[in-house]
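Visitor: Residues per chain, in single letters:
2 protein chains.
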Amino acid sequence: MITVYGMHASGNCYKVRLLLEMLGRHYEWVEVDVLGGATRTDEFLARNPLGKVPVIELSDGRCLPESNAILCFLAEGSHLWSVEAFDRAQALRWMFFEQYSHEPYIAVARFIKRFLPAGHARTAELPQLHARGMMALSVMERHLAAQDFFCREFGVADIALYAYTHRADEGGFDLGPYPAIRSWLARVEDQPGYVEQQT
Amino acid sequence: MITVYGMHASGNCYKVRLLLEMLGRHYEWVEVDVLGGATRTDEFLARNPLGKVPVIELSDGRCLPESNAILCFLAEGSHLWSVEAFDRAQALRWMFFEQYSHEPYIAVARFIKRFLPAGHARTAELPQLHARGMMALSVMERHLAAQDFFCREFGVADIALYAYTHRADEGGFDLGPYPAIRSWLARVEDQPGYVEQQT
Numbered sequence: 001m002i003t004v005y006g007m008h009a010s011g012n013c014y015k016v017r018l019l020l021e022m023l024g025r026h027y028e029w030v031e032v033d034v035l036g037g038a039t040r041t042d043e044f045l046a047r048n049p050l051g052k053v054p055v056i057e058l059s060d061g062r063c064l065p066e067s068n069a070i071l072c073f074l075a076e077g078s079h080l081w082s083v084e085a086f087d088r089a090q091a092l093r094w095m096f097f098e099q100y101s102h103e104p105y106i107a108v109a110r111f112i113k114r115f116l117p118a119g120h121a122r123t124a125e126l127p128q129l130h131a132r133g134m135m136a137l138s139v140m141e142r143h144l145a146a147q148d149f150f151c152r153e154f155g156v157a158d159i160a161l162y163a164y165t166h167r168a169d170e171g172g173f174d175l176g177p178y179p180a181i182r183s184w185l186a187r188v189e190d191q192p193g194y195v196e197q198q199t
Numbered sequence: 001m002i003t004v005y006g007m008h009a010s011g012n013c014y015k016v017r018l019l020l021e022m023l024g025r026h027y028e029w030v031e032v033d034v035l036g037g038a039t040r041t042d043e044f045l046a047r048n049p050l051g052k053v054p055v056i057e058l059s060d061g062r063c064l065p066e067s068n069a070i071l072c073f074l075a076e077g078s079h080l081w082s083v084e085a086f087d088r089a090q091a092l093r094w095m096f097f098e099q100y101s102h103e104p105y106i107a108v109a110r111f112i113k114r115f116l117p118a119g120h121a122r123t124a125e126l127p128q129l130h131a132r133g134m135m136a137l138s139v140m141e142r143h144l145a146a147q148d149f150f151c152r153e154f155g156v157a158d159i160a161l162y163a164y165t166h167r168a169d170e171g172g173f174d175l176g177p178y179p180a181i182r183s184w185l186a187r188v189e190d191q192p193g194y195v196e197q198q199t
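As they're listed, the protein sequences go chains S and B. For the first sequence, the working numbering assigns the number 1 to the initial residue and increments by one for each residue that follows. For the second sequence, the working numbering assigns the number 1 to the initial residue and increments by one for each residue that follows.
Check each hint, because a few of them may be wrong.
[Said to hold, decoys possible] Simulated restraints on C-beta separations:
1) R40(B) x G36(S): 28 to 38 Å
2) R25(B) x S138(S): 29 to 39 Å
3) P177(S) x D174(B): 41 to 51 Å
Calculated from the structure, these hints are not laboratory results. We put the CB at the ideal spot given by N, CA and C, even for glycine.
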């Protein structure tokens with residue numbers, strides 16, 4: 001049995017839940033009160049010294065943080081994680097793109113607009129976040145204009161990029177000019193086991 | 001034969017060279033004039049639509065960007081990339097940490113201090129970069145106080161984290177208060193095939 005420590009409103013945590021549902025795996029979800037400081041306790045920091053969700057805990061007590069590392073681990077042996085080295089590397093390439101060039105702009109803009117009070121000092125970051133986020137969306141759009149999924153078949157890279165892209169509007173991004181991305185979002189939502197993000 | 005498109009002054013590119021040297025692999029290095037705009041040509045953007053180095057090109061023309069994805073691909077089948085799923089996941093966990101919580105602060109501070117003219121507007125970013133970078137170094141210090149390498153054995157995660165940590169001083173970080181990190185740097189430098197970063 002896998003235990004997931006997560007927060008439903010977090011896209012990084014939703015990635016893990018979406019994969020587990022698509023794989024039909026049993027798991028226990030522990031909702032963590034991040035904003036209330038629950039990731040700063042000694043008990044939590046022993047699971048992840050960065051004090052962030054998601055973290056998974058295996059039945060033997062071993063823990064693993066970092067959403068995209070969790071996806072690779074949980075998908076091992078399934079149809080969502082290729083056995084071919086170059087295909088795996090391409091999936092990793094898109095997952096590193098997600099964490100370096102996408103999430104820091106698209107997820108952070110969503111955090112500022114959705115979770116901080118209107119007029120918060122961090123709203124000053126939004127113009128730059130939008131500019132950088134649109135660069136990431138443009139790269140995705142060009143790639144998806146030529147193929148159905150990020151790699152040859154649907155898999156972990158799509159799940160990683162779906163999480164914050166499908167909620168990009170909450171950060172002030174308009175997906176209207178990105179038809180290939182919108183078609184891809186619909187293809188992800190057609191996958192067996194797909195579940196919506198809660199909250 | 002592998003072709004590496006890189007820039008010697010870049011830590012992300014050095015990761016790839018260091019791994020190839022440690023593996024004793026033959027490769028061709030193509031030095032790319034990034035600051036001169038060579039990553040913005042159509043020819044280069046066909047290799048990596050993000051216009052960034054490093055990128056590797058295989059003999060059949062397939063290309064792979066993202067330094068840490070390249071490490072995983074090149075290390076496949078070697079002693080530097082475990083065959084055990086949980087060990088691989090832990091290595092990935094540290095590589096995602098490197099790209100999300102380490103490189104954006106420690107490498108960017110180095111870029112500003114080393115490559116931009118003194119008094120450049122971006123020097124205003126340095127206090128925040130130093131604060132966040134020291135958080136990453138603290139997490140590394142605590143981890144390395146208890147074990148020799150990031151995973152059970154020396155491997156790709158160590159190479160990924162070594163690249164910018166060993167040059168952190170160029171970004172204004174003092175590694176004096178991090179003895180476990182300094183010991184680990186020396187252990188990395190003792191590995192067979194180790195080569196220094198050029199420039």
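Visitor: Determine for every hint whether it applies to the structure shown.
Guide: Hints, verified against the model:
Between R40(B) and G36(S), the C-beta spacing of about 46 Å breaks the proposed range 28 to 38 Å. Distance hint check for R25(B) and S138(S): the Cβ-Cβ separation is about 34 Å, which falls inside the suggested range of 29 to 39 Å. About 46 Å separates the C-beta atoms of P177(S) and D174(B), a value consistent with the hinted range of 41 to 51 Å.
Checked against the numbered hints given earlier, the structure breaks only hint 1 and satisfies all the rest.
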